[in-house]
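K.L.:
The primary structure of each chain is shown beneath.
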Amino acid sequence: MEHEEAAHEGPLAQFTIKRLIDLPDIFGIDADFTNSALFMLISVVAITWFLMAATRGGNLVPGRLQSLAEASYGLIASALRDNVGPEGKKYFPFIFSLFMFILFANFIGLIPVPGSFTVTSHIIVTFALAFFIFIAVTIIGLWRHKLHFFSLFLPAGVPIYLAPLLVPIEIIGYLTRPISLSVRLAANMLAGHTMLEVFAGFIIALGIFGFAPFIFVVAIYGLEVIVAFLQAYVFAVLTCLYLSDAINLHKH
Amino acid sequence: MPQMDFTTYAPQLVWLVITFVLLYFLMSRMALPRIERILTTRENRIEGDLAEAAEFGRKAEAAQKAFDKVQAETRAKAQKLAAEARERANAEQAARTAKLDAQLAEQSKKAEGEINAARTKAMSSLRDVAIDIAQAAAERVTGATVSKDAAAKAVDAELKGGK
Numbered sequence: 001m002e003h004e005e006a007a008h009e010g011p012l013a014q015f016t017i018k019r020l021i022d023l024p025d026i027f028g029i030d031a032d033f034t035n036s037a038l039f040m041l042i043s044v045v046a047i048t049w050f051l052m053a054a055t056r057g058g059n060l061v062p063g064r065l066q067s068l069a070e071a072s073y074g075l076i077a078s079a080l081r082d083n084v085g086p087e088g089k090k091y092f093p094f095i096f097s098l099f100m101f102i103l104f105a106n107f108i109g110l111i112p113v114p115g116s117f118t119v120t121s122h123i124i125v126t127f128a129l130a131f132f133i134f135i136a137v138t139i140i141g142l143w144r145h146k147l148h149f150f151s152l153f154l155p156a157g158v159p160i161y162l163a164p165l166l167v168p169i170e171i172i173g174y175l176t177r178p179i180s181l182s183v184r185l186a187a188n189m190l191a192g193h194t195m196l197e198v199f200a201g202f203i204i205a206l207g208i209f210g211f212a213p214f215i216f217v218v219a220i221y222g223l224e225v226i227v228a229f230l231q232a233y234v235f236a237v238l239t240c241l242y243l244s245d246a247i248n249l250h251k252h
Numbered sequence: 001m002p003q004m005d006f007t008t009y010a011p012q013l014v015w016l017v018i019t020f021v022l023l024y025f026l027m028s029r030m031a032l033p034r035i036e037r038i039l040t041t042r043e044n045r046i047e048g049d050l051a052e053a054a055e056f057g058r059k060a061e062a063a064q065k066a067f068d069k070v071q072a073e074t075r076a077k078a079q080k081l082a083a084e085a086r087e088r089a090n091a092e093q094a095a096r097t098a099k100l101d102a103q104l105a106e107q108s109k110k111a112e113g114e115i116n117a118a119r120t121k122a123m124s125s126l127r128d129v130a131i132d133i134a135q136a137a138a139e140r141v142t143g144a145t146v147s148k149d150a151a152a153k154a155v156d157a158e159l160k161g162g163k
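In the order they appear, the protein sequences are chains A and B. If you're matching positions, the first sequence starts at 1 in our numbering and goes up one per residue. If you're matching positions, the second sequence starts at 1 in our numbering and goes up one per residue.
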């Protein structure tokens with residue numbers, strides 16, 4: 001508890017990491033069970049429960065829940081198929097887990113209960129995911145194409161005299177992928193939740209005129225639900241695209 | 001800003017790895033195979049049903065063809081029978097007509113013969129009567145006896161001339 005910062009009281013207080021259980025360090029790494037860890041675990045349990053409960057009957061004609069489970073499967077399967085092709089099939093469980101993890105973390109973070117926490121609003125979490133994808137994709141690309149992988153930085157059909165200009169741009173673009181991917185998600189979550197908190201504060205402050213920010217908060221909340229889904233989907237689709245670059249180079 | 005509190009990075013990363021690896025195995029070992037099984041079962045079922053429907057369609061078509069064939073055969077047979085019956089009736093009719101014609105011709109020939117015979121007979125008896133009358137009339141008128149031959153000659157000349 002000694003790490004907790006008491007300074008956060010405003011709209012950013014909701015992002016505070018609270019140490020719930022003090023655990024011994026693993027190889028000198030601080031592994032305390034925090035509220036972030038709790039919500040990660042809740043997400044995993046919720047995803048698993050949702051998918052297993054939805055598919056329990058295994059009905060030929062799906063019910064509501066089963067349709068939803070099949071739709072989430074189909075969404076990621078088609079994104080992978082369209083972007084990567086049949087080669088991407090073995091990465092499907094990873095992309096699907098990634099999508100569901102982010103989606104459920106985003107949604108659960110939106111449930112307005114005291115102590116609610118959005119795992120994906122922390123840049124370190126999204127950056128870790130994005131960086132892992134970046135490293136994995138680079139290794140897959142090098143493994144499959146060896147040195148030919150670097151042709152990725154020189155798009156086909158480009159005049160050779162443009163290479164000194166284009167190659168650095170492509171390399172920078174490639175290296176900034178984990179940053180853009182992680183910042184896009186974390187910033188969206190951070191901004192949405194902060195805005196909700198700020199305007200929710202106005203409801204009480206304005207007294208009788210509080211209905212105006214109240215309506216605004218309801219509208220923004222609806223928007224945030226869409227953003228929560230969209231950002232998870234964008235993260236998954238971009239991962240598919242990066243994977244496609246590594247597997248197909250520029251041919252796809 | 002809590003996001004910039006580096007002391008919280010380590011526990012977040014540790015638990016991210018733990019929970020994400022857990023999720024990966026739950027998905028790849030439990031949830032995804034189950035959904036996949038449901039989807040393949042459905043796909044197979046739909047494919048099977050479609051194949052079955054196509055098979056039924058083929059059978060129905062074959063039955064229709066067989067029916068059409070039988071119908072055509074039956075119709076041809078009926079037409080043949082009708083034609084045969086008509087021909088037979090026509091032949092019978094023709095035979096009967098011919099027979100009747102022959103019979104009638106024979107009868108009319110016979111009747112004609114009879115008429116001719118009767119006429120000759122009548123003519124010959126008329127001549128005898130005429131001769132007798134002529135003989136008797138000449139005797140009465142003239143008082144002279146006329147021989148039968150002369151009378152006959154006169155009657156014959158008259159009959160010939162009268163004609």
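No lab work stands behind these hints: they were computed from the structure. There could be a bad hint or two in this list.
[What the hints assert, rightly or not] Over 10 Å on every C-beta distance to chain A, these chain B residues come out as not near it, computed from the model:
1. Arg45
2. Ala89
3. Thr145
[Unchecked claim] Derived coverage of chain A by chain B (criterion: at least 3 residues anywhere in the stretch with Cβ under 8 Å from a Cβ of chain B; other residues may be distant):
4. 20-34
5. 123-131
6. 158-169
Keep in mind the model is a prediction, meaning the values are calculated, not measured. Think of the CB as a built atom: it goes at the ideal place given N, C-alpha and C, for glycine as much as any other residue.
K.L.:
Tell me the numbers of any earlier hints that the structure contravenes, in ascending order.
P.N.:
1, 6
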